[in-house]
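**Q** All chains, full assembly: derive it from the sequences and hints.
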Amino acid sequence: MATISLDKVRKVYAGGVEAVKGVSIDIADGEFIVLVGPSGCGKSTLLRMIAGLEEISDGEIRIGDRVVNRVEPADRDIAMVFQNYALYPHMTVYNNLAYGLKNRGEPKDEIDKRVKEAARILEIGDFLDRKPRQLSGGQRQRVAMGRAIVRKPAAFLFDEPLSNLDAKLRVQMRIEIKRLQETLGTTSVYVTHDQLEAMTLAHRLVVLNHGRIEQIGTPLEVYEKPASTFVAGFIGSPAMNLIPVKAKDGRLHLESGEGLDAPDGFGAEHALLGVRPEDLQVDADGAENADALSLRMKVIAVEPVGAESYVHGRVAGVVDDVVVRVPAKAEFSAGAELNLKASRDRLHVFDAANGGRLNG
Amino acid sequence: MVENRPWLTFISHLVLIIGLAIVVFPVWVAFVASTYDPKSMLSGVVPLTPGDQFFQNYYQIFVEGLSSAGAPPVGLMMVNSMVMAMAIAIGKIAISIISAFAIVYFKFPGRVLAFWTIFITLMLPVEVRILPTFEVTAGLGLLNSYSGLTLPLIASATATFLFRQFFMTIPEELSEAARIDGAGPLKFFRDILLPLSRTNMAGLFVILFIYGWNQYLWPLIVTTDESYYTIVMGIQRMVTVPDSEPLWHVIMATVLLAMIPPVLVVVFMQRLFIKGLVETEK
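In order, the protein sequence lines correspond to chains W and X. So the first sequence is residues 1 to 360, counted in UniProt numbering. So the second sequence is residues 1 to 282, counted in UniProt numbering.
What the hints contain is simulated information worked out from the structure, not anything from laboratory work. A couple of the hints might just be wrong.
Okay, derived cross-link-like pairs now, DSS-like style, lysine-lysine, Cα gap no bigger than 27 Å in a straight line [claimed, not checked]:
| no. | chain 1 | residue 1 | chain 2 | residue 2 |
| --- | --- | --- | --- | --- |
| 1 | X | K187 | W | K102 |
| 2 | W | K131 | X | K107 |
| 3 | X | K107 | W | K21 |
| 4 | W | K116 | X | K107 |
**A** Here is the structure:
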């Protein structure tokens with residue numbers, strides 16, 4: 001068990017590409033942190049720097065009280081689960097789990113005890129004599145986790161461990177990872193590009209973009225109050241609708257003329273109004289309502305997903321499609337005009353120039 | 001193929017049988033020749049059925065040797081060939097797997113240069129560089145020794161290249177996982193890379209053993225002492241014997257014996273080789 005702290009960590013590759021641009025995070029003991037972002041955002045590089053597989057160009061990484069910038073991966077007291085599991089193909093499951101302990105010179109009976117215990121926790125006791133190629137994807141995933149558990153490390157590092165599994169297994173393993181982390185209470189850093197995985201697993205999310213932190217917070221904080229348009233668009237599916245508005249006389253105006261009070265201290269001319277698909281309601285009568293913002297949308301397509309449906313449509317003055325979540329039973333056809341309402345306290349306001357959040 | 005066309009089956013088998021006959025016929029003639037007395041082979045008509053001198057002939061070459069032909073007993077030459085072929089095959093594999101390991105897994109200045117230098121030596125087989133190689137070998141006092149027979153042939157660009165390609169297909173995460181598991185470079189090499197390369201090594205061994213066994217020019221140049229003669233050069237010396245007819249029955253018996261070790265290597269290692277092809281461990 002240990003805390004991990006990153007202080008202005010940077011990674012510059014030989015070609016001058018800066019993959020990580022000064023990232024600082026303090027991870028508490030036993031915390032489950034998920035690094036999330038699109039591909040190329042530097043999340044894997046950051047994880048590999050914590051693991052010691054990439055050199056740190058600048059800044060400091062501490063595990064516990066120790067600065068580990070120049071410490072070999074094996075001596076950092078961490079364990080890593082790789083995307084392709086990286087099991088040793090010629091060794092049995094037992095030897096895969098035991099290899100790291102053998103290298104550390106643990107006594108034989110201690111190794112045996114720990115391997116058996118990990119096998120029991122992960123329910124892979126029946127496969128200990130098999131080779132990795134004789135296992136299914138889910139079983140290999142368990143073995144990879146077993147290899148991490150037996151070491152009893154200060155921290156687990158997960159590098160997109162579920163992306164090679166099929167959808168059903170992914171949900172199952174996601175729950176298992178969460179349960180395991182709670183049982184063992186080991187500090188964990190988990191990298192994923194899947195926002196659903198990030199939301200469900202994390203104690204705190206770190207949203208990365210272009211090597212910088214966009215936002216750190218609990219999943220609900222990040223969802224409820226995205227710090228920027230990037231976070232707003234990345235977390236939540238379908239993504240938040242962003243509607244351009246013009247500021248005039250302390251109010252923000254939609255193309256339709258409808259307006260709302262600008263946040264305090266807002267001086268610029270343009271802003272983006274964010275509203276999540278589930279915060280938009282279809283309003284049959286179209287009556288004016290002081291507490292709500294109303295929009296007119298022309299339906300383009302309806303996507304039923306079972307429990308609900310998503311209606312895609314056009315709103316005057318908005319480049320991208322606006323998406324509305326409606327109950328599955330509601331029936332709309334393409335070409336129909338809809339009146340939409342959004343409660344004013346569910347609106348997000350972002351700076352159009354830099355994407356930053358403006359309302360509290 | 002799950003096709004049922006009798007004519008196709010017939011023709012393809014016919015082609016196979018003809019091909020086989022072409023390959024097997026010379027071997028059969030060699031065997032037949034090794035079972036006659038010296039005079040029968042020189043009569044002008046080559047017999048196609050085995051004669052009755054099988055045991056006498058083989059007894060003669062094994063135990064007495066062929067002193068008039070200037071060749072030591074076949075047994076000794078077989079041992080020499082065996083030593084040379086084994087040393088070349090094992091040495092080549094050992095050296096090339098280590099150099100491939102260095103080239104793939106370590107970043108050092110001149111790494112690319114090192115690789116290309118090795119690669120370029122593919123263009124310089126023994127025959128091309130025979131004079132300088134002989135000069136160096138002689139200078140080191142390695143003439144008439146097993147080291148002289150094997151060392152100059154032991155570096156292999158082909159094998160290095162094969163191992164390099166194989167190592168590059170091993171996912172990088174495997175070496176990273178080993179690093180996290182506390183395995184240093186040598187431990188990783190011994191515990192992970194060597195076991196994974198087993199089938200590649202078996203395949204290469206077959207090729208390199210035969211390469212070493214069939215060496216002719218180099219042993220001919222580097223040895224003058226009869227006790228270091230290899231079987232391939234021994235056969236040649238028997239054929240070009242001065243002042244008498246070549247003793248075909250003895251030569252053919254020696255040829256057959258010389259074929260046995262490579263055949264055994266192919267038969268036994270091939271099994272391992274194919275097993276490796278079937279059970280991919282990646």
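**Q** So which hints don't hold here, by number, going up?
**A** 2, 4
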